[in-house]
Amino acid sequence: MLIDVHELNSGYGKVPILHNVSFNVSEGEMVTIIGPNGAGKSTLLKTISGLVRSKSGSVAFGGQEIAGITPDQAVRKGLAFVPEGGRPFPNMTVMDNLKMGAYSNQEVLKTGILEEMFTLFPVLERRKNQYARTLSGGERQMLAIARGLVSRPRLIMMDEPSLGLAPKLVDEIYEKIRTLKVSGLTVLLVEQNTSYALEVADRGYVLENGRITMEGPANELATSDHIRRAYLGF
Amino acid sequence: MIETATQSVITGTMMGIIYALIALGLSIIFGVMNVVNFAHGDFVMLAMYLSFTVGTLFAWDAVITPVITVPLLFVFGLITYYLLIDRTLRQMYVVQLAVTVGLQILMRSAALIIWQAQPRALQYSFIQGNIEIGPYSILTSRLVGAVVSLIFIGGIAYFLNKTWSGKAMRAASDDLDVASLMGVNYHRTYALTFAIGAALTAVAGGLLMSFQQTDPQGGVRFGLLSWCVLALAGLGSLPGLIVSGIIVGIAETFAISFIDPRARLLAVYAIFILVLWLRPRGLFGRK
Numbered sequence: 000m001l002i003d004v005h006e007l008n009s010g011y012g013k014v015p016i017l018h019n020v021s022f023n024v025s026e027g028e029m030v031t032i033i034g035p036n037g038a039g040k041s042t043l044l045k046t047i048s049g050l051v052r053s054k055s056g057s058v059a060f061g062g063q064e065i066a067g068i069t070p071d072q073a074v075r076k077g078l079a080f081v082p083e084g085g086r087p088f089p090n091m092t093v094m095d096n097l098k099m100g101a102y103s104n105q106e107v108l109k110t111g112i113l114e115e116m117f118t119l120f121p122v123l124e125r126r127k128n129q130y131a132r133t134l135s136g137g138e139r140q141m142l143a144i145a146r147g148l149v150s151r152p153r154l155i156m157m158d159e160p161s162l163g164l165a166p167k168l169v170d171e172i173y174e175k176i177r178t179l180k181v182s183g184l185t186v187l188l189v190e191q192n193t194s195y196a197l198e199v200a201d202r203g204y205v206l207e208n209g210r211i212t213m214e215g216p217a218n219e220l221a222t223s224d225h226i227r228r229a230y231l232g233f
Numbered sequence: 000m001i002e003t004a005t006q007s008v009i010t011g012t013m014m015g016i017i018y019a020l021i022a023l024g025l026s027i028i029f030g031v032m033n034v035v036n037f038a039h040g041d042f043v044m045l046a047m048y049l050s051f052t053v054g055t056l057f058a059w060d061a062v063i064t065p066v067i068t069v070p071l072l073f074v075f076g077l078i079t080y081y082l083l084i085d086r087t088l089r090q091m092y093v094v095q096l097a098v099t100v101g102l103q104i105l106m107r108s109a110a111l112i113i114w115q116a117q118p119r120a121l122q123y124s125f126i127q128g129n130i131e132i133g134p135y136s137i138l139t140s141r142l143v144g145a146v147v148s149l150i151f152i153g154g155i156a157y158f159l160n161k162t163w164s165g166k167a168m169r170a171a172s173d174d175l176d177v178a179s180l181m182g183v184n185y186h187r188t189y190a191l192t193f194a195i196g197a198a199l200t201a202v203a204g205g206l207l208m209s210f211q212q213t214d215p216q217g218g219v220r221f222g223l224l225s226w227c228v229l230a231l232a233g234l235g236s237l238p239g240l241i242v243s244g245i246i247v248g249i250a251e252t253f254a255i256s257f258i259d260p261r262a263r264l265l266a267v268y269a270i271f272i273l274v275l276w277l278r279p280r281g282l283f284g285r286k
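Residue numbers (numbering that gives the first Met the number 0), protein chains in the order written: chain A, 0 to 233; chain B, 0 to 286.
Just to be clear, a hint being listed does not mean it is correct.
[What the hints assert, rightly or not] Pulled a few chain B residues facing chain A out of the computed Cβ check, cut under 7 Å:
1. T87
2. R89
3. D173
4. V177
5. M181
6. V183
7. R187
[To be verified] Far from chain B, some chain A residues (derived; all Cβ distances over 10 Å):
8. H18
9. E26
10. G61
11. T69
12. G100
13. R151
14. V169
15. N192
Rather than coming from a laboratory, the hints here were simulated on the basis of the structure. In this text, all values refer to a predicted model and were calculated from it rather than measured experimentally. Idealized CB from N, CA, C, for every residue including glycine.
Extracted from the complex, chain A is given alone in its bound form (with noise of 0.2 Å):
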């Protein structure tokens, strides 16, 4: 197992949010967490690389335990974090943006990670000396998952990548994600959009009120009663 949470309890100040959440992810898997707005899913994320400081659990990755960690530290242990809207630094280059995704391994800009990232993103390509800010938003989902991946990490941790695109743009950012799974990379997927999350992933969670309620391989998930009524509409 790559990354195995166990008992995770975690909030802001006194206000709790996750409540003893469970899950583990196996190296070359995707795993999805679905749940509602507000359920925790961004907290969890958080959580896991250091932006927010667990209250009680462990989160083990590769074997060593890593709760508590700052983010600094965690992204040296291999685990790259995706946050809500991409977030790229607005006032930097594509080019940039991209090569602050190498500043814990510089050394992996020798390895033609930048020309992987050209060939799956060509969009970044013709955009690399233009600030991020000028973007779409499309574009900066494309160079933030990018930027990710710079670092070649071990796990990738994506909050919703789906958040405020367009259909097709959502489309496209699935198809790349797909290309990244077949690659074998291990992901680890937070969504609110259900059926792309659960079309793409191998195995998924629910976290609701900030408490994992189901899981199970995706497409069985995509085929409760639960799920289809409660996500997906039917």
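Use these hints to put chain B onto chain A, whose structure you have.
Frame of chain A, contents of chain B only:
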């Protein structure tokens, strides 16, 4: 009249470029760390005193003293950061304000104890004299000051755009959380930012001591000047900072030439207030 005005423009431009260098330190600290350093002018004051001491001790020309004062101010910046600023980062603005204003008072008092109240100046340096062009003269010391300032501003631009540390500073300025997700340790990046901001005042201090004196209250003027330049320029544009420095320098020189030498800060205040009133994000600022 025209001649006086032209001469004021020449002198003001030279002074303004040095002001831009001073404001650059304030600008990167504010821009990267979102910390308002009210003691910035007093760092200039301290730098000038150190330049005086080094110049007196080794019988050096003021313009050479930064060789020693830059490392000193860099270390002083690091110590200040870790001892004071780092602890105020996640606090309310008023805490930062109290800490940097307290630092200001501390530095002025320390200067008073160490160097006493009377103004200090170095012997006239080898860059005295003028370059005469027709009816106008350029003071060599101002010209050297302006050229050295431009070189250092250019050096900082290179550092920010081309080095890993510089990129980390810009990333932290744009989005601190995401920068830390990239592996930026913000304590270290902030410490470096603050130390560079302090070290830049050492360069300016050496340049200023080649033609000025300093006293324990000297920081007031440079603090105000650098805030005015920064307000005029806005954040994020180095050329904008230079142009704004020049505007402030010329305004100051005009006030000296046409009103009264004591009115120099009046012009600076007037610009400051006008900018805050008419264009709070500055002439060249983003967002």
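Status of each hint after checking the structure:
no. : hint : result
1   : T87  : violated, 19 Å
2   : R89  : violated, 12 Å
3   : D173 : holds, 4 Å
4   : V177 : holds, 5 Å
5   : M181 : holds, 5 Å
6   : V183 : holds, 6 Å
7   : R187 : violated, 9 Å
8   : H18  : holds, 24 Å
9   : E26  : holds, 22 Å
10  : G61  : holds, 17 Å
11  : T69  : violated, 7 Å
12  : G100 : violated, 6 Å
13  : R151 : holds, 13 Å
14  : V169 : holds, 22 Å
15  : N192 : holds, 22 Å
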